[in-house]
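J.: Chains as they are written, first to last, in our numbering: chain A, 72 to 399; chain B, 4 to 204; chain C, 313 to 985.
Please keep in mind that the hints were generated in silico from the structure rather than gathered at the bench. Keep in mind that a hint or two might mislead.
[Stated by the list, open to error] Pair ranges (Cβ atoms, derived):
{"id": "1", "chain 1": "A", "residue 1": "Lys-320", "chain 2": "C", "residue 2": "Asp-584", "range": "27 to 35 Å"}
{"id": "2", "chain 1": "C", "residue 1": "Lys-664", "chain 2": "A", "residue 2": "Val-105", "range": "50 to 58 Å"}
{"id": "3", "chain 1": "C", "residue 1": "Lys-916", "chain 2": "B", "residue 2": "Ile-45", "range": "49 to 57 Å"}
{"id": "4", "chain 1": "A", "residue 1": "Ser-382", "chain 2": "C", "residue 2": "Pro-522", "range": "57 to 65 Å"}
[What the hints assert, rightly or not] Partial list, derived from the structure: chain C residues whose beta carbon lies under 7 Å from chain B:
{"id": "5", "residue": "Arg-717"}
{"id": "6", "residue": "Ala-782"}
{"id": "7", "residue": "Gln-809"}
{"id": "8", "residue": "Arg-811"}
{"id": "9", "residue": "Ser-891"}
{"id": "10", "residue": "Glu-894"}
{"id": "11", "residue": "Asn-925"}
Don't be surprised by glycine CBs; every beta carbon is placed ideally from N, CA and C.
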Amino acid sequence: MKYLFYPGCSMQRSAKPYLDSLKLVEKTLGLESVDVEDWNCCGATEFSSVNRTASHAIVGRNLALAQEQASGTDELVAACSACYLNLSKTDHFMREDADFNALVNDALSAGGLEYEPGSVKVRHSLDIIVNNVGYDAVKEKVTKPLSGLRVGAYYGCMIVRPDVNERFSNPEEPYELEDLLEVLGAEVVDFKMKTQCCSGHMTQISSEVAYDMIKQIVKPAVEEEIDVLVTLCPMCQLNIDAFQNEMNKHFGTNYEVPILYFSQLMGLAFGYTEKELGIGKEFVNVSPALAKIGKTTEEVPTPKKKKKSKSDPSLPMPKMPIHYRGGS
Amino acid sequence: MSVSAEFNNKQSYTKIKDLPGFNLIELVEARTPGDSRLEMCIQCGSCGGSCPSGKDMDHSPRQLFAMLRAGIVDEVLESNAPWYCVSCYKCYVRCPQEVKITDIMYTLKTIAISTGKFKVNEAKDFSETFTGYVEKYGRSFEFGLSTRHSLRHLPMTVSGTIGLGLGLIKTGRLDITPHKIKNIDQLQKILNRAYELEAQR
Amino acid sequence: MANSKTPSGKPRIGVYVCHCGTNIAGVVDVEDVANWSAEELKDIGVVLSRDNKFMCSSQGQELIESDIKEFGLNRVVVAACSPHLHEKTFRGACERAGMNPFFCEMASIREQVSWVTKDKKKATEKSKSMVAGAVNRVVYHEALEPIKVPINPTTLIVGGGIAGIQAALEIANTGHEVYLVEREPSIGGHMAQFDKTFPTLDCSACILTPRMSEVGMHPNINLLTWSEVENVDGFVGNFDVTIRKKSRCVIEEDCTGCGICVQKCPITVIDDEFGVGIGTRKAIYTPFDQAIPNYPVLDKENCTYFIKGTCRACEKFCATNAIDFEQQDEIINVTVGNIILATGYDLFDARKMPNYGYGRYPNVFTSMEFERLCNAAGPTNGEIVLRDGVTAPKSVAIVHCVGSRDKNHNNYCSAICCMQSLKFAHIVYERTGAEIHNFYIDIRTTAKNYDEFYQRVLDEGTLFVRGKVAEITDVPQNEAEEGKLIVQAEDTLAGLQRRIPVDMVILSVGLEPKGDSDEVAHQFGISCSSNGWFTEKHPKLDPVSTMTEGIFIAGCATGPKDIPASVSQGSAAAARVISYIEMGELELEPVRASVIEEICSGCKICNDLCPYNAIIFIEDKQVTEINEALCQGCGTCVAACPAGAIVGTGFSNEQILAQIEGLMMDFSVPEVV
């Protein structure tokens with residue numbers, strides 16, 4: 072499968088390991104991606120705080136460049152959640168609101184560009200991997216299953232919300248990442264904070280508010296004995312990883328939850344080395360966690376469907392959909 | 004052409020609230036892409052209840068909407084709430100009236116800046132520093148951003164932040180020089196036009 | 313034949329333009345329309361034109377009558393509201409003056425003009441063109457006689473909830489026969505599942521079961537439970553209905569309802585239907601003790617005999633040999649004159665709101681689960697306990713509006729949840745003494761004694777939090793929250809984000825149309841609103857009728873309702889049916905399609921298009937024929953016929969084309985610059 076790729080600023084530097092590992096995963100899965108040429112920043116969450124029209128115009132430039140460059144594919148893929156959302160949202164608003172479409176195109180015309188809304192399909196890398204490549208094809212490539220590793224899927228916000236432009240997952244209860252991690256052989260924990268915010272830009276605005284929000288993610292992860300949190304967003308990775316120590320200092324705690332990109336775990340399962348995947352550049356040391364891979368502690372028998380004994384007074388639980396991992 | 008001089012234009016927007024017939028609700032609705040549905044709020048509070056930074060906000064989004072309806076301008080634009088919005092969109096997907104809450108927050112911030120009403124300097128400066136780099140280079144520049152910003156606003160944590168920065172540099176996760184896109188001229192032309200258009204909305 | 317008739321006599325048309333108070337006159341210059349019609353349309357045959365404040369008033373009607381007599385009018389055009397409302401009124405006036413009522417035509421200048429614009433100039437212009445269209449059309453009208461159909465006095469009622477039960481009893485008590493068809497093994501509907509009813513706190517079963525047994529014993533009611541309507545043909549007065557009576561594996565004539573088979577059945581399964589997944593039942597079962605009828609149903613999917621071929625315990629112990637494993641479904645054909653649909657509602661599936669944790673957290677219950685929990689006949693014998701079956705809750709949160717008033721789910725108010733939630737608060741208070749928080753957006757207690765009940769619950773100490781619950785979690789942020797469910801909401805009155813730890817949460821889930829309401833509507837030839845509720849003929853003035861004659865609707869099938877409203881509708885629908893039966897025959901609009909045999913080429917294009925199955929093909933003659941009694945005059949075949957061989961009485965080509973011509977008449981006066 073071929074598609075255009077929008078890397079975004081973070082993946083050039085702070086999230087470089089995400090990009091590197093993703094490229095290796097793409098290679099293994101036979102995905103061909105070409106970068107959008109001379110792309111500019113998507114504006115993150117900051118440009119729209121300063122100027123609405125401009126914030127969408129700069130995204131419009133990226134969409135227009137992608138539209139020009141598109142040949143043989145109309146899929147525009149981003150791996151950073153904020154980039155993915157901004158591309159998707161601008162396209163959505165341009166489709167929904169004719170005046171707004173005219174406005175953005177007016178700005179674009181100053182640079183000799185034009186974008187026809189809907190002409191590229193904005194997708195996230197995870198969406199491509201689970202829905203185009205498929206779990207079975209991923210499973211075939213697994214050479215080193217991640218058995219023994221307790222992982223928590225951490226989606227954060229912008230990959231699942233808002234629910235504009237036919238987002239591929241459920242805004243409150245996504246399951247694709249868990250399904251993928253299970254295919255890689257990891258032990259997937261039902262991480263209830265999976266769609267909670269990492270604190271976003273609050274690390275830059277009010278540390279106290281940010282630390283509180285980071286703690287809300289990290290503490291339950293520790294309580295669930297999660298070895299590694301798995302993310303698909305550079306901002307989430309940075310906030311949970313780089314500010315964890317600051318947060319610990321603030322609260323006098325000593326939580327230690329490493330966080331990796333999903334592509335890094337895929338890479339490990341596909342047999343790439345930690346170095347190739349950029350693992351080791353985290354603030355929270357991930358080595359102890361990764362050392363557990365393959366070392367299956369005593370075989371945990373898959374809990375058999377308990378047959379209700381006559382003396383058990385408890386009431387039945389509601390039936391839930393197949394992807395559902397929760398429940399007590 | 005000096006880029007910074009060029010973009011200082013946006014600081015000198017007319018103080019719109021002084022314009023005759025100024026109506027903040029209408030302005031918010033006009034400047035928010037798509038249909039903001041602001042007028043549809045039933046004051047249920049699912050936004051304020053969902054908000055991860057809600058307990059630190061001066062007002063919940065719901066309260067801001069009620070204040071907008073009451074014709075209150077200054078207190079709305081001075082509120083920290085839009086700046087404390089983390090764009091998690093929980094309220095957005097849960098709002099039973101499909102009010103585009105997060106987008107309204109963005110618009111309120113832009114109006115707070117252009118009217119000089121913002122109270123949360125850290126946040127406003129962070130946003131402006133960020134956009135400044137994008138205007139100049141076409142890319143965001145994490146190193147410049149975090150150092151400039153930290154030095155100005157977070158002296159208490161600056162040692163920690165510098166440690167963090169150094170850690171990122173050591174591991175190759177932070178550039179110390181910005182990257183400029185090739186066709187920065189084109190981007191700047193687009194931006195100039197966009198600023199003009201926004202001012203007319 | 314309509315097409316060959318020339319207008320009978322020289323047209324003498326009277327035009328009446330109604331003000332409808334300010335409804336029309338506030339936007340349309342009615343006087344101008346009337347004067348213009350008198351002047352500009354006189355060549356077509358308008359001999360007089362008047363405007364009047366309320367044409368529908370007796371004074372307005374008398375005006376038409378006296379004009380017909382005095383000026384020898386032979387056509388009347390009334391420009392007023394929709395014909396839906398007053399066509400009958402004005403036709404009646406014409407008839408009283410000795411004119412055939414079908415020489416009266418209406419122009420809807422209220423619904424189609426004044427109510428849809430504020431532009432006075434354009435509204436007046438459009439009114440003129442609509443009047444011109446009606447005048448042009450009425451010239452080609454012809455005298456028609458209404459079609460009379462006899463009414464079969466037997467009635468079919470679909471749905472054995474409280475609305476259907478009420479309707480069945482009302483009709484049966486007047487001595488007429490009723491077929492009551494219920495999909496489930498017993499009648500009783502949702503009301504049979506409830507514990508108490510608001511605001512009186514009557515025991516639901518105590519007030520319902522006498523009605524149920526009355527139905528069971530009634531000589532005029534043929535009760536068909538575990539049955540579904542398969543097909544409906546025909547029209548008002550004469551519907552042919554096919555009913556599938558599903559196999560129960562129990563011979564009803566022989567079964568005494570002793571219950572030994574249920575007792576001896578070794579298989580216990582979760583009861584997902586009556587027990588809403590919280591209770592259990594056997595593989596052969598009656599849904600509840602007071603079920604009507606009381607003979608059981610065998611659930612083949614879970615029966616050991618059907619799975620493995622052995623067991624037959626029920627058969628062994630049955631004293632009357634009433635178990636029949638070979639029993640087949642039975643097809644029953646009945647002919648009825650009227651049908652009442654009282655098919656009820658479904659409940660919103662709380663799993664669609666993952667942020668409320670239903671299914672994830674054991675102690676989040678739905679309202680119906682809670683009803684079963686506090687019902688003495690429920691799985692805990694009425695004890696209010698957590699999902700573990702033993703622990704009594706010390707604190708309970710009751711969440712209103714779950715899935716209701718929410719554009720992400722159902723955008724309407726479910727009407728009953730406020731009172732239901734207040735009822736729950738009272739029951740929890742009375743039986744557990746737990747601390748109670750009710751989370752609401754607005755409290756809606758509009759019926760008799762409802763607000764008084766709210767006062768009572770306030771007085772009992774229930775804590776009300778005005779705020780739609782954002783999420784329910786078990787992830788604690790402090791010690792007080794450990795081991796609890798935390799309900800997070802904005803307390804909009806205090807202006808605070810609050811996290812309230814509780815032991816139990818009850819979700820007051822909203823009401824939804826039945827999952828198959830679209831199919832049912834299609835089967836019976838009625839329509840659904842965009843939400844999926846059955847559409848009334850008129851939401852205020854004819855709430856139990858549908859646009860299809862002879863098909864009536866009652867209860868929650870038309871929208872969320874409490875018990876008193878459902879019962880009232882059951883009675884109302886019954887009254888409509890009884891009046892039809894008493895009339896003996898019904899006059900139908902003579903708007904029908906007919907085929908001109910000489911022109912019909914026998915192409916059969918129209919044959920499959922008729923929604924009422926009124927078209928048959930005559931093989932001998934190789935032409936199509938339309939059954940006048942079945943035809944509803946919808947015009948589909950008229951439009952489809954490539955040869956123009958089908959004509960619609962009252963909608964002939966001449967009439968339609970003349971109307972279009974009138975509508976397009978250029979009467980605009982150039983603006984003075």
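J.: Can you name, in rising order, the numbers of the hints this structure does not satisfy?
T.: Of the numbered hints, 1, 2, 4, 8, 9, 10, 11 do not hold.
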